[in-house]
Amino acid sequence: MESTQVKTPQRESVWRRLVSNNNFGVSIALIILLVAMAAFAPNFTTLNNIFNVLLQIAQVGTIAVGMTYVILTAGIDLSVGSIVAFDGLAMAMMMKTGVPVVLAILAGLVIGGAIGGLNGFLVAKLNLQPFVATLGTMTMFRGLAYTISGGQPVYTLPAAFDYLGGSIGVIPIPAILMVIVFIIGAYTLKYTKFGRHIYAIGGNAEASKLSGIKVKRNTAMVYIISGLCCAIAAVILTARLDSAVPTAADGIELDVIAAVAIGGTDMQGGKGAIFGTIIGALIMGVIANGLNLLDVAQGPQRFVKGVIIILAVVLQVIRNRK
Amino acid sequence: MIDTDTILEMTHINISFSGVHILKDADLVLKRGQVNILLGENGAGKSTLMKVLTGAYHKDSGEIRINGEPVTINNAADAEKNGISMIYQEFNLIPNLSVAENIFLGKELVGFGGKVDFEGMNREAQKILDRLHVAISPKTKVGKLGVAQQQMVEIAKALSVDAKIVIMDEPTSALTDEEIENLFAIVNEMKTHGVSIIYISHRLEEFKYVGDYVTTMRDGSTVGLTPIAEASHDRLVQLMVGREIKNQFPHVEQELGSELLRVSHLSNAHVHDVSLTVHAGEIVGIAGLMGAGRTEIARAIYGIDPIDEGEIFVAGKKVKVASPADAIAHHVGFVTENRRDEGLIMTLDINQNITLPALRAIQKNRLALSMQKERQVGAKFMHDLDIKAVNGRQKAGTLSGGNQQKVVIAKWLEAQPQILMMDEPTRGIDVGAKYEIYTIMNELKKHGVGILMISSELPEVIGMSDRILTMREGQLTGELDRGEATQEKIMTLATSEVE
Chain U
1 MESTQVKTPQ RESVWRRLVS NNNFGVSIAL IILLVAMAAF APNFTTLNNI
51 FNVLLQIAQV GTIAVGMTYV ILTAGIDLSV GSIVAFDGLA MAMMMKTGVP
101 VVLAILAGLV IGGAIGGLNG FLVAKLNLQP FVATLGTMTM FRGLAYTISG
151 GQPVYTLPAA FDYLGGSIGV IPIPAILMVI VFIIGAYTLK YTKFGRHIYA
201 IGGNAEASKL SGIKVKRNTA MVYIISGLCC AIAAVILTAR LDSAVPTAAD
251 GIELDVIAAV AIGGTDMQGG KGAIFGTIIG ALIMGVIANG LNLLDVAQGP
301 QRFVKGVIII LAVVLQVIRN RK
Chain D
1 MIDTDTILEM THINISFSGV HILKDADLVL KRGQVNILLG ENGAGKSTLM
51 KVLTGAYHKD SGEIRINGEP VTINNAADAE KNGISMIYQE FNLIPNLSVA
101 ENIFLGKELV GFGGKVDFEG MNREAQKILD RLHVAISPKT KVGKLGVAQQ
151 QMVEIAKALS VDAKIVIMDE PTSALTDEEI ENLFAIVNEM KTHGVSIIYI
201 SHRLEEFKYV GDYVTTMRDG STVGLTPIAE ASHDRLVQLM VGREIKNQFP
251 HVEQELGSEL LRVSHLSNAH VHDVSLTVHA GEIVGIAGLM GAGRTEIARA
301 IYGIDPIDEG EIFVAGKKVK VASPADAIAH HVGFVTENRR DEGLIMTLDI
351 NQNITLPALR AIQKNRLALS MQKERQVGAK FMHDLDIKAV NGRQKAGTLS
401 GGNQQKVVIA KWLEAQPQIL MMDEPTRGID VGAKYEIYTI MNELKKHGVG
451 ILMISSELPE VIGMSDRILT MREGQLTGEL DRGEATQEKI MTLATSEVE
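Listed in order, the protein sequences are those of chains U and D. Quick note: the first sequence, position 247, residue 247 per UniProt numbering, numbers continuous. Quick note: the second sequence, position 143, residue 143 per UniProt numbering, numbers continuous.
Calculated from the structure, these hints are not laboratory results. Every residue, glycine too, gets a C-beta built ideally from N, C-alpha and C. Be aware that a few hints might be false.
Computed list of lysine-lysine pairs in PhoX-like fashion (alpha-carbon distance at most 25 Å, straight line) [stated by the list, open to error]:
id, chain 1, residue 1, chain 2, residue 2
1, U, K214, D, K446
2, D, K141, D, K107
3, U, K214, D, K395
4, U, K193, D, K380
5, D, K164, U, K209
6, U, K190, D, K380
7, U, K216, D, K81
8, D, K320, U, K214
9, U, K209, D, K320
10, D, K81, D, K164
11, D, K395, U, K190
12, D, K318, D, K380
13, U, K214, D, K364
14, D, K81, U, K214
15, D, K373, U, K193
16, D, K373, D, K395
17, D, K320, U, K125
18, U, K209, D, K364
19, D, K127, D, K144
20, D, K395, U, K193
21, U, K216, U, K125
22, U, K209, D, K373
23, D, K31, D, K320
24, U, K209, D, K318
25, D, K446, U, K193
26, D, K373, U, K190
27, D, K364, U, K190
Part of the chain U face toward chain D, derived, beta carbon under 7 Å [said to hold, decoys possible]:
id, residue
28, Y191
29, N204
30, S243
To list a few chain U residues with every Cβ distance to chain D over 10 Å, as calculated [as the list claims (entries may be wrong)]:
id, residue
31, A36
32, I50
33, P158
34, V170
35, F182
36, N292
37, D295
Excised from the complex, chain U in its bound form:
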């Protein structure tokens, strides 16, 4: 490609950098969406409603952070919904048998990480295709969720646990947890050696290996991170509902992948960022919330969501062509 050569290095103007930023398009889309909803949807701009949006996207947003890591390595994790359900039940059942809340949550994190570790082992060590490997664990752990619960919900959990599903003043705690995960996820990806290695592996695994990067270990690591994010999402969901059910978070992987895709992360790996994923999750949340306020039925809502996903990807393709 000789076309991009110039004689003298030059600095880009602030405007050009802004426009050429990968998240420029989706950010504008989110702003337009917010303005439109503010104009047409009743009560959209109330503080309560804004926090409501954040509460509604807390699970998807949290899981989407881990999914962004996975997709950046050109992988996919279909098992996220099953991990949430299984892990939520495991924590709830532990608490029911008297395990202290803090210990149960720690155990939940370990379980989430361990299931992620299994995905990582299958993908990195056994070289299974991520789609198939996580399709397998998705089915396995949904099955286990039904098995350990006998298909029944587990409810009335300790108040200390349910507190995590509540709010401090008007600010929902799940939203706070999500923001913390966002910040840690974004910082790690952008500013640490590990994060850089993730981008490198997604861009070219062979060249990464030859640059001394431990490709297998890092690849396994992203699935563990995804599992940990699922564990946090399981805490959020179970605490909010004060119950764990084997059907929890069924099909959530599709919303999560949609948020990541709308946020501009390339499904082929190597390109993308947590910031985009945040915007992606917000776009999904704002649409759902706004359409609810406008009394739009579930059917048309889903249709609109689909249109947004396609628009986002079309935008990406156009950008890449330039």
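Given chain U, put chain D in place with the hints provided.
Frame of chain U, contents of chain D only:
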């Protein structure tokens, strides 16, 4: 006036990308049944000009005439309609399909009821392959063919659409001498059938066998049209770089330092009983034919391929290298032959590629990397190695070949290895950039780095090495000192029987 023998004329072609003027009044003339060598440094605009011709890029101004008639070429279909076909460096073949299926891809012969006529396709493909005197079965899966054979399939594909103008982009870059000879025979065969060829290449040596005249480009403009009889090496180099390069291989004499690398009786699936040493401040060249196991030695030392037997010593200490990460920890670096697949991460930018093997060096604290240090490292190497790009944030995938190679080398300079293995360090890059890379190698020598250089270009091996090892069939067959090495001696050793 255009004489009737001119099949293609491109005049005053201009094109800009994001404000940068890439082609400036570029011209090209092609005569019927002749070969026009298109020569120029990386970034001179050769590929861009060809992409205008094949409809991949849209020119801002200028004219294209075919057989004297102005034509508009906006896309690949327009190009094909005008009889233009391009054979890219990276082949566009589908490995899982057969040779015939690839040749007829998109224009499959269809029989009754829309059923693909495989027999007919095989028959037609065989005819074309016969015409090229290529012994490949049309039924073979392309993935099973070697690079040279795949190239023949590409040529057959071009001929199957009855192309009048064929563009070949660096067709010999991956071929052995014998395969190159065969390719030239085919090019001549095509000429006799009235096909006109634009032949892009860096290899000055090979033009006289195949070209009729040479078009030279520099900085987006056409600077010369030279009949082959007058196209001396020196003249072409001068046209290309705009200055004279006196000494093509700037070798420097210097005292050898201590022994840095010792490989002793190393054997694995690819190499047998290889022993060698590299000293500080020494360039050891490894010569041999393709497939002789030269790259495989480097791969074994670097921990990519497992070792069955033998030992590796770095600076006198025995080391165990099970992965590239281990090798890097022992200060061994490896500039691989294939920068696209093994050298660079195309989705990362220049800065990020350069710092990748040694991110430790730009750590701000135990947790985070310093973006400022990263920019500084990038800026330093872009300046030192004269990497041409908008800035360090430009993606590696958008750079020209020579600049990509410089980024690969910058990456290993930043990692500060004691031993640097370089596999075909100047392949596919132009004379000016080659010279710069030799200068870098000399700098490394001065700093006491030991270099193990693998190269298929004998003048380069002879010109730059302090000592030359020859290989054949996975074994070392000889060793020559700088003073005694000649092309003949090297070839004799590289083709001699191994005991």
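Hints, one by one, checked against the model:
1. U:K214 / D:K446: violated (32 Å)
2. D:K141 / D:K107: holds (18 Å)
3. U:K214 / D:K395: holds (23 Å)
4. U:K193 / D:K380: Satisfied, since the Cα-Cα distance of roughly 21 Å is no more than 25 Å.
5. D:K164 / U:K209: Since the Cα atoms of K164 of chain D and K209 of chain U sit roughly 44 Å apart, the hinted pair is violated (cutoff 25 Å).
6. U:K190 / D:K380: With Cα atoms ~22 Å apart, K190 of chain U and K380 of chain D stay inside 25 Å; holds.
7. U:K216 / D:K81: violated (48 Å)
8. D:K320 / U:K214: Cα-Cα ~17 Å, so holds.
9. U:K209 / D:K320: holds (17 Å)
10. D:K81 / D:K164: This hinted pair holds, its Cα atoms lying about 10 Å apart.
11. D:K395 / U:K190: holds (17 Å)
12. D:K318 / D:K380: Violated - the C-alpha atoms of K380 of chain D and K318 of chain D are around 35 Å apart, more than 25 Å.
13. U:K214 / D:K364: holds (22 Å)
14. D:K81 / U:K214: It is violated: about 50 Å lies between the C-alpha atoms, which goes past 25 Å.
15. D:K373 / U:K193: Holds - the C-alpha atoms of K193 of chain U and K373 of chain D are around 14 Å apart, at most 25 Å.
16. D:K373 / D:K395: OK: K373 of chain D and K395 of chain D at ~18 Å, within 25 Å.
17. D:K320 / U:K125: The hint holds at about 22 Å.
18. U:K209 / D:K364: holds (24 Å)
19. D:K127 / D:K144: This hinted pair holds, its Cα atoms lying about 21 Å apart.
20. D:K395 / U:K193: holds (19 Å)
21. U:K216 / U:K125: holds (7 Å)
22. U:K209 / D:K373: holds (24 Å)
23. D:K31 / D:K320: The hint is violated at about 60 Å.
24. U:K209 / D:K318: Cα-Cα ~23 Å, so holds.
25. D:K446 / U:K193: violated (31 Å)
26. D:K373 / U:K190: holds (15 Å)
27. D:K364 / U:K190: Judged against 25 Å, a Cα distance of about 13 Å means the pair holds.
28. Y191: holds (4 Å)
29. N204: holds (5 Å)
30. S243: violated (39 Å)
31. A36: Given a closest Cβ separation of 32 Å, the condition holds.
32. I50: holds (32 Å)
33. P158: At about 35 Å from chain D, P158 of chain U clears the 10 Å cut-off, so the statement holds.
34. V170: Per Cβ check, V170 of chain U is outside 10 Å of chain D; nearest 33 Å; holds.
35. F182: Answer for F182 of chain U: holds, closest chain D Cβ roughly 17 Å.
36. N292: holds (38 Å)
37. D295: Holds, since 44 Å exceeds 10 Å.
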